[in-house]
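Participant: Counted the way UniProt numbering counts, the sequence shown spans residues 1 to 350.
One should not assume that every hint holds.
Said to hold, decoys possible - If you anchor each label on the Cβ, the simulated ranges turn out as follows:
1) 95 x 224: 51 to 59 angstroms
2) 202 x 115: 41 to 49 angstroms
3) 164 x 7: 28 to 36 angstroms
4) 13 x 230: 46 to 54 angstroms
5) 234 x 115: 39 to 47 angstroms
6) 252 x 35: 46 to 54 angstroms
7) 313 x 231: 50 to 58 angstroms
Claimed, not checked - Calculated lysine-lysine pairs in the DSBU-like style (CA-CA distance at most 30 angstroms, straight line):
8) 198 x 240
9) 110 x 20
10) 298 x 86
11) 110 x 336
12) 7 x 20
13) 143 x 285
14) 7 x 143
15) 82 x 110
16) 298 x 110
17) 240 x 298
18) 340 x 82
19) 340 x 240
20) 298 x 267
21) 267 x 340
22) 237 x 298
23) 340 x 278
Treat the hints as calculated values from the structure; they're not laboratory data. Only a predicted model underlies this, so the values are computations on that prediction, with no experimental measurement involved. Where is the CB? At the ideal position from N, CA and C, for every residue including glycine.
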Amino acid sequence: MINLIGKDEVLVDCPENEGKPAYTDKPIVHDYLRMMNQATFGADDSFMTVGEMSSTTMENCVLYSSPDRQELSMTFNFHHLKVDYKDGQKWTLAPFDFEELKSLYHSWGKEMSDKGGWSALFWNNHDQPRALNRFVDIQNFRKEGATMLAASIHLSRGTPYIYMGEEIGMIDPDYDSMADYVDVESLNAYQMLLEEGKSQEEAFQIIQAKSRDNSRIPMQWDASENAGFTAGTPWLKAGKSYPHINVENEIQGPIFTFYQDLIRLRKEMPIISEGSYKPAFEYSKQVYAFERQYEDQKLLVLNNFYATEVEIDLSVAYQNGRILISNYEDAEVSEKILLKPYQTLAIYVN
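Just need the whole structure built from these sequences, with the hints factored in.
Facilitator: Given below as structure tokens:
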């Protein structure tokens with residue numbers, strides 16, 4: 001957490017046992033980053049730097065990542081991965097708040113675009129449960145949900161990151177017992193939940209959903225023992241899904257090839273890699289949509305975050321556009337578009 005390296009030199013009492021203001025995003029952090037950058041990676045334009053930011057602000061991330069500041073190339077923030085925290089608490093069970101998620105993506109996307117900052121875009125990392133389990137009905141729409149989540153960041157402004165296994169649609173391991181978990185945070189949280197009065201079953205369900213071990217299981221290469229990850233004993237046992245969700249099965253499948261298409265488009269089209277960001281269809285209760293612009297080109301990206309269909313009235317500007325990519329083969333451009341469950345659709349106008 002690079003934004004925590006600057007501390008107040010005077011020790012003060014913090015209100016309500018909350019010490020973060022004393023060590024988070026202090027002004028001197030910007031000085032330290034600039035000094036480090038100039039003495040190391042900043043001397044060579046071929047280097048890229050990224051900072052993981054704890055409890056940061058949009059204003060600071062603009063400063064950290066603006067090229068003229070010479071601090072970092074881009075920043076990670078985690079606000080969007082707290083939208084399923086009930087009352088702001090991680091160790092709870094709650095559906096994700098789509099309105100909050102959409103608002104965060106729009107505010108950060110527009111602010112970083114308008115003020116020259118740059119975001120690292122991601123859904124998964126080693127400290128988070130798998131995004132598919134959090135945001136998608138994986139029993140019925142795993143492939144559609146995986147490709148929609150991918151498009152929602154790979155077609156946006158910023159640099160998208162792929163965490164191991166998301167390119168094949170890996171999901172949480174669905175362990176059966178607390179004995180399967182090794183993450184110390186999860187083990188401590190389980191005891192805390194019991195002390196708070198939760199039953200063993202209730203506490204275990206929360207750990208299943210929120211443990212960091214969900215994303216730390218072995219990469220699922222094939223259907224052999226330990227998912228083909230090792231002939232030895234892995235730190236964590238493979239998840240239940242590895243016999244059918246693995247690289248060998250998925251490498252020619254719709255999720256992996258969709259990721260390939262997204263990467264190719266970003267390399268080929270400046271509107272994706274360099275274009276501005278503008279929120280679209282902000283009124284929608286289930287579609288996260290945004291518009292990219294570059295010179296005289298426009299790209300509208302529609303992402304249905306739910307397992308139900310939703311109709312969108314397309315503006316005249318896009319009715320003569322062409323479909324750049326979709327995770328449904330029968331997608332068409334018309335005055336009204338019926339988005340299917342977890343459909344993503346990008347319409348390009350030149």
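Participant: With 51 to 59 angstroms as the target window, see if residue 95 and residue 224 comply at their CB atoms.
Facilitator: violated (36 angstroms)
Participant: Hey, residue 82 versus residue 110, does the alpha-carbon distance stay inside 30 angstroms?
Facilitator: Within the cut-off at roughly 20 angstroms; holds.
Participant: Within 28 to 36 angstroms or not, the Cβ separation of residue 164 and residue 7?
Facilitator: The hinted range 28 to 36 angstroms holds for residue 164 and residue 7, with Cβ atoms some 34 angstroms apart.
Participant: Under the criterion that the straight-line Cα-Cα distance not exceed 30 angstroms, is the pair residue 198, residue 240 satisfied?
Facilitator: Distance of about 26 angstroms is within 30 angstroms: holds.
Participant: Check whether the Cα positions of residue 237 and residue 298 lie no farther apart than 30 angstroms.
Facilitator: violated (46 angstroms)
Participant: Residue 298 and residue 86: Cα distance at most 30 angstroms?
Facilitator: Roughly 38 angstroms between the alpha carbons, so the hint for residue 298 and residue 86 is violated.
Participant: When you check the alpha-carbon spacing of residue 340 and residue 240, does it fall within 30 angstroms?
Facilitator: holds (29 angstroms)
Participant: Against the 30 angstroms threshold, does the CA-CA distance of residue 7 and residue 143 hold or violate the hint?
Facilitator: violated (45 angstroms)
Participant: Holds or violated: residue 298 and residue 267, Cα atoms, limit 30 angstroms.
Facilitator: Within the cut-off at roughly 17 angstroms; holds.
Participant: Taking the beta carbons of residue 13 and residue 230, is their distance inside 46 to 54 angstroms?
Facilitator: With a Cβ separation near 50 angstroms, residue 13 and residue 230 satisfy 46 to 54 angstroms, so the hint holds.
Participant: Given the proposed pairing of residue 110 with residue 336, does the C-alpha separation stay at or below 30 angstroms?
Facilitator: Judged against 30 angstroms, a Cα distance of about 26 angstroms means the pair holds.
Participant: Sort out whether residue 82 lies within 30 angstroms of residue 340, counting only the CA atoms.
Facilitator: holds (26 angstroms)
Against the hints set out earlier in the document, violations occur for numbers 1, 10, 14, 17 and 22.
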